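S.K.: Residue numbers (the numbering used here), protein chains in the order written: chain L, 3 to 174; chain R, 3 to 174.
Note that these hints are calculated values from the structure, not bench results.
Just so you know, nobody snuck in bad clues.
Since the list gives no way to pick out one identical chain from another, each pair is judged satisfied if it fits inside one copy or across any two copies.
Heads up, simulated DSBU-like pairs for lysine-lysine below, C-alpha to C-alpha not over 30 Å straight-line:
hint, residue 1, residue 2
1, K52, K8
2, K155, K8
3, K114, K86
4, K91, K8
5, K155, K91
6, K8, K83
7, K161, K49
8, K8, K86
9, K161, K52
10, K83, K155
11, K114, K8
12, K161, K8
13, K91, K161
14, K49, K155
15, K91, K114
None of these values were measured; they are calculated from a predicted model.
There are 2 protein chains.
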Amino acid sequence: MPLDLKQFIRSVQDFPQAGILFRDITPLLGNGEAFQSALSRFQELLKDEKIDKVVGIESRGFIFGAPLAERLGVGFAMARKAGKLPADKISVEYDLEYGTNIIEMHSDSITKGERIFIIDDVLATGGTANATITLVEQLGGEVLGLAFLIELKFLEGRKLLPGRAVYNLIEY
Amino acid sequence: MPLDLKQFIRSVQDFPQAGILFRDITPLLGNGEAFQSALSRFQELLKDEKIDKVVGIESRGFIFGAPLAERLGVGFAMARKAGKLPADKISVEYDLEYGTNIIEMHSDSITKGERIFIIDDVLATGGTANATITLVEQLGGEVLGLAFLIELKFLEGRKLLPGRAVYNLIEY
Numbered sequence: 003m004p005l006d007l008k009q010f011i012r013s014v015q016d017f018p019q020a021g022i023l024f025r026d027i028t029p030l031l032g033n034g035e036a037f038q039s040a041l042s043r044f045q046e047l048l049k050d051e052k053i054d055k056v057v058g059i060e061s062r063g064f065i066f067g068a069p070l071a072e073r074l075g076v077g078f079a080m081a082r083k084a085g086k087l088p089a090d091k092i093s094v095e096y097d098l099e100y101g102t103n104i105i106e107m108h109s110d111s112i113t114k115g116e117r118i119f120i121i122d123d124v125l126a127t128g129g130t131a132n133a134t135i136t137l138v139e140q141l142g143g144e145v146l147g148l149a150f151l152i153e154l155k156f157l158e159g160r161k162l163l164p165g166r167a168v169y170n171l172i173e174y
Numbered sequence: 003m004p005l006d007l008k009q010f011i012r013s014v015q016d017f018p019q020a021g022i023l024f025r026d027i028t029p030l031l032g033n034g035e036a037f038q039s040a041l042s043r044f045q046e047l048l049k050d051e052k053i054d055k056v057v058g059i060e061s062r063g064f065i066f067g068a069p070l071a072e073r074l075g076v077g078f079a080m081a082r083k084a085g086k087l088p089a090d091k092i093s094v095e096y097d098l099e100y101g102t103n104i105i106e107m108h109s110d111s112i113t114k115g116e117r118i119f120i121i122d123d124v125l126a127t128g129g130t131a132n133a134t135i136t137l138v139e140q141l142g143g144e145v146l147g148l149a150f151l152i153e154l155k156f157l158e159g160r161k162l163l164p165g166r167a168v169y170n171l172i173e174y
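Construct all of the structure, not just a fragment, from the sequences and the given hints.
M.R.: Written out as structure tokens, the structure is:
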């Protein structure tokens with residue numbers, strides 16, 4: 003029987019603020035079998051996609067995106083928080099519930115025409131994912147889709163990602 | 003002939019501040035062959051170590067630590083910047099050139115007696131690496147050693163890591 007990945011997700015009340023139930027991936031990462039199983043399921047979901055590069059969203063998206071790129075034998079590109087990237091870059095500002103956030107990519111981290119899959123640990127409101135699509139497309143990449151370890155369905159993040167292929171391994 | 007990984011490191015002047023020559027891993031990550039080659043060399047360096055878990059230091063340490071854990075079939079634990087971890091955790095404050103920094107781990111991310119390898123992208127002054135050793139040992143882990151993609155030898159980070167096994171793939 004396949005591993006139930008959900009049993010490796012810990013729920014923490016009131017983080018990062020009161021009223022939020024945070025889904026913590028620490029137990030999943032700490033179990034080698036569960037971590038490998040998650041990566042195998044990502045790989046299985048994407049097996050018919052012709053992916054040239056994986057984009058991981060800082061920072062927990064790196065934990066799944068980098069090994070997935072490695073398994074697929076393709077390159078990996080970072081979508082990072084503001085101020086972290088040293089070379090020529092592009093930025094997108096996007097709305098949070100309160101205030102705004104900025105996400106950035108190096109201008110040469112995507113080559114025009116590359117087929118891209120975007121990976122992150124959690125799909126919540128979709129703001130960060132949508133901003134990352136904007137960055138990839140501004141650099142001439144073709145976004146084949148997005149895959150998340152966890153999707154918080156009640157936040158309806160897919161509404162910000164219309165027409166996109168969106169995968170998850172665990173839903174709440 | 004093996005790939006020369008150094009050719010995939012970009013040097014950026016005056017980042018994050020004037021006078022600093024920043025070693026940027028973007029080209030290495032973007033090349034699937036170079037990224038796989040780096041991971042294979044880490045794996046070869048560590049092939050005689052009996053590793054129970056890999057600890058990656060946020061956030062570029064996740065990019066090498068997570069796939070290495072995956073290749074080794076062991077768990078992965080995060081050493082994170084302050085305020086990111088939701089559950090019971092321990093913290094260490096350490097000195098930077100100007101000011102201090104804090105790094106944290108979840109208390110249950112290491113099990114007492116686990117044999118740990120610590121991975122990061124760059125060994126500079128060694129402050130973050132040394133603080134991560136402190137966290138792992140406070141949680142009862144045994145630090146077998148540390149491996150870095152890049153070591154900036156002129157900063158003498160090894161002086162903060164006496165008696166430790168320290169590996170790198172690229173030196174400046």
